[in-house]
Amino acid sequence: MTHPPPPPSSEQAARLVRHLITQDRDAAVLLTVHPGPRWSTGLAAALWDLPLGEAHQRLERLVHLGVLTRHADGHHTMAIEVRAALERTGATVLLPGCRRARSRVVAYYTDQAIAADLVLDPGRWRWHPPAVEQIRRTRARVATLEETQAWLDDELNNLLAVVELAHHTSHHQQVILIAEAISSNEGVAHRPAALRMILELGVASAESSGDEGAQAVMHQAMAAHHLRRDDAEQALACAHYALALWASAEPRRRRPYHERGLVHLYLLLAQAHDQADDVLSAARYTDLAKSVHATYDHQRDAALVSYHQAGALYNDERFKDARALLNSTLEMLAPEEPVWQARVHQALCEVLMELEQYKAAREHGQAALDALSPQVAPLVCASVHESLAWVAHKLGESARVRDHFEQARVYSASVAPAYARQMMAARDELAPIPGGHLWP
Numbered sequence: 001m002t003h004p005p006p007p008p009s010s011e012q013a014a015r016l017v018r019h020l021i022t023q024d025r026d027a028a029v030l031l032t033v034h035p036g037p038r039w040s041t042g043l044a045a046a047l048w049d050l051p052l053g054e055a056h057q058r059l060e061r062l063v064h065l066g067v068l069t070r071h072a073d074g075h076h077t078m079a080i081e082v083r084a085a086l087e088r089t090g091a092t093v094l095l096p097g098c099r100r101a102r103s104r105v106v107a108y109y110t111d112q113a114i115a116a117d118l119v120l121d122p123g124r125w126r127w128h129p130p131a132v133e134q135i136r137r138t139r140a141r142v143a144t145l146e147e148t149q150a151w152l153d154d155e156l157n158n159l160l161a162v163v164e165l166a167h168h169t170s171h172h173q174q175v176i177l178i179a180e181a182i183s184s185n186e187g188v189a190h191r192p193a194a195l196r197m198i199l200e201l202g203v204a205s206a207e208s209s210g211d212e213g214a215q216a217v218m219h220q221a222m223a224a225h226h227l228r229r230d231d232a233e234q235a236l237a238c239a240h241y242a243l244a245l246w247a248s249a250e251p252r253r254r255r256p257y258h259e260r261g262l263v264h265l266y267l268l269l270a271q272a273h274d275q276a277d278d279v280l281s282a283a284r285y286t287d288l289a290k291s292v293h294a295t296y297d298h299q300r301d302a303a304l305v306s307y308h309q310a311g312a313l314y315n316d317e318r319f320k321d322a323r324a325l326l327n328s329t330l331e332m333l334a335p336e337e338p339v340w341q342a343r344v345h346q347a348l349c350e351v352l353m354e355l356e357q358y359k360a361a362r363e364h365g366q367a368a369l370d371a372l373s374p375q376v377a378p379l380v381c382a383s384v385h386e387s388l389a390w391v392a393h394k395l396g397e398s399a400r401v402r403d404h405f406e407q408a409r410v411y412s413a414s415v416a417p418a419y420a421r422q423m424m425a426a427r428d429e430l431a432p433i434p435g436g437h438l439w440p
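Sequence positions in the sequence shown follow full-length UniProt numbering and run 1 to 440.
It is worth saying that the hints were derived from the structure and are not from the lab. The reader is advised that the hints may include incorrect statements.
[To be verified] In the SDA-like style, the derived pairs of lysine to any residue whose C-alpha atoms are separated by at most 25 Å in a straight line are:
| no. | residue 1 | residue 2 |
| --- | --- | --- |
| 1 | Lys359 | Ser414 |
| 2 | Lys290 | Asp278 |
| 3 | Lys359 | Asp321 |
| 4 | Lys394 | Glu317 |
| 5 | Lys290 | Leu227 |
| 6 | Lys359 | Asp297 |
| 7 | Lys359 | Leu430 |
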């Protein structure tokens with residue numbers, strides 16, 4: 001097994017930098033503009049303003065010179081001592097070039113975050129449509145859901161570092177775009193501290209921008225984050241503040257946060273009230289979302305409103321009506337919406353259990369799992385397995401009950417630890433947790 005060489009001492013690093021020719025030294029200094037710990041070829045190309053092929057060759061040269069270490073996944077790292085020596089050099093030699101490179105690295109990660117979001121959740125409403133549409137038009141989808149999620153997981157530390165850099169250098173719109181792009185991603189929920197820091201910087205940049213619409217978007221994103229962490233109280237506080245911001249926004253600043261955004265905010269409020277066991281308020285906000293959606297036409301939003309209406313019917317124990325509405329909801333969803341397809345199938349599983357149609361319920365639960373990637377939506381996968389555990393319990397299949405609760409525990413362990421502990425307790429008791437299962 002080959003081990004990496006030991007890091008150089010400060011003196012060795014300073015000597016290495018001094019002996020670099022000007023072109024190599026300048027290239028290495030520009031790499032240190034990126035505040036994160038790793039460099040990909042695409043990132044280096046952005047920093048150097050070079051085509052990918054030339055950037056790859058330059059990276060290989062810096063590896064040969066001992067400035068960088070290349071890793072099996074294609075990324076490059078730099079010893080702390082070498083970076084410190086280069087940063088001292090860059091402070092006096094390349095300041096104008098470093099400023100331009102800083103803007104390029106922020107732009108690079110903004111584009112990459114939006115592009116990843118367009119793969120992972122193509123139909124959702126987004127803030128600042130012009131920036132998103134430019135990425136949608138100029139980038140063909142070349143990565144799978146799993147590959148894109150893996151990129152986002154790998155780059156989360158870099159994204160956090162870049163968002164901090166962008167905020168402190170007043171690139172506020174880019175901070176908001178990056179934070180908003182990853183805010184709905186469930187796959188990075190196992191890193192709640194990093195995700196929360198990015199969202200908090202998004203809130204701070206929105207406040208610095210003075211744009212009430214942007215502030216509303218970021219507080220809505222924070223509300224969704226709290227909801228995923230089972231903190232309905234904080235979710236409601238953030239969501240209601242977002243609603244107040246939207247209402248007070250100047251007309252010229254409302255445009256980014258248009259009717260689609262308001263529909264999604266109302267649905268988020270409905271979900272938060274439902275989680276807080278306030279079904280009347282949940283139904284009221286679902287009705288508000290429906291009334292706003294009536295002013296425009298968008299099939300995905302119609303599906304989401306329909307899904308939440310079915311939840312209200314479920315809470316009223318109108319299970320046959322809920323089933324009919326969910327079946328029509330499935331027909332509205334596009335093939336590239338696997339997470340929402342899974343949620344609707346799971347909801348049908350829950351409704352059919354109430355109708356005592358357990359085999360049909362299992363079919364919809366399995367359809368939900370078939371639609372999902374655990375890497376992209378681990379908590380949804382966990383919730384579906386919980387529903388299937390209930391089905392197995394109703395059918396007296398104790399081995400399957402245990403298996404499904406164990407799968408729910410595994411998928412939720414790093415995303416929602418409290419929920420995972422509930423699943424472990426249910427697994428050990430071979431019975432669903434008391435109190436009934438919530439609308440998915």
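Evaluation of the provided hints:
The straight-line distance between the Cα atoms of Lys359 and Ser414 is roughly 31 Å, outside the 25 Å bound, and the hint therefore fails. Simply put, Lys290 and Asp278 have alpha-carbon atoms about 19 Å apart, close enough for the 25 Å limit, and the pair holds. Only pairs whose Cα atoms come within 25 Å are accepted, and Lys359 paired with Asp321 is accepted, the gap being roughly 19 Å. For the given pair, Lys394 sits about 19 Å from Glu317 by alpha-carbon distance, which is consistent with the 25 Å threshold.
Taking the CA atoms of Lys290 and Leu227, the gap is near 22 Å; set against the 25 Å cutoff, the hint holds. The hinted pair formed by Lys359 and Asp297 fails the criterion: a straight-line CA distance of about 36 Å is larger than 25 Å. This hinted pair checks out: Lys359 and Leu430 have alpha carbons roughly 20 Å apart, not beyond 25 Å.
Violated hints, in rising order: 1, 6; the structure is consistent with all others.
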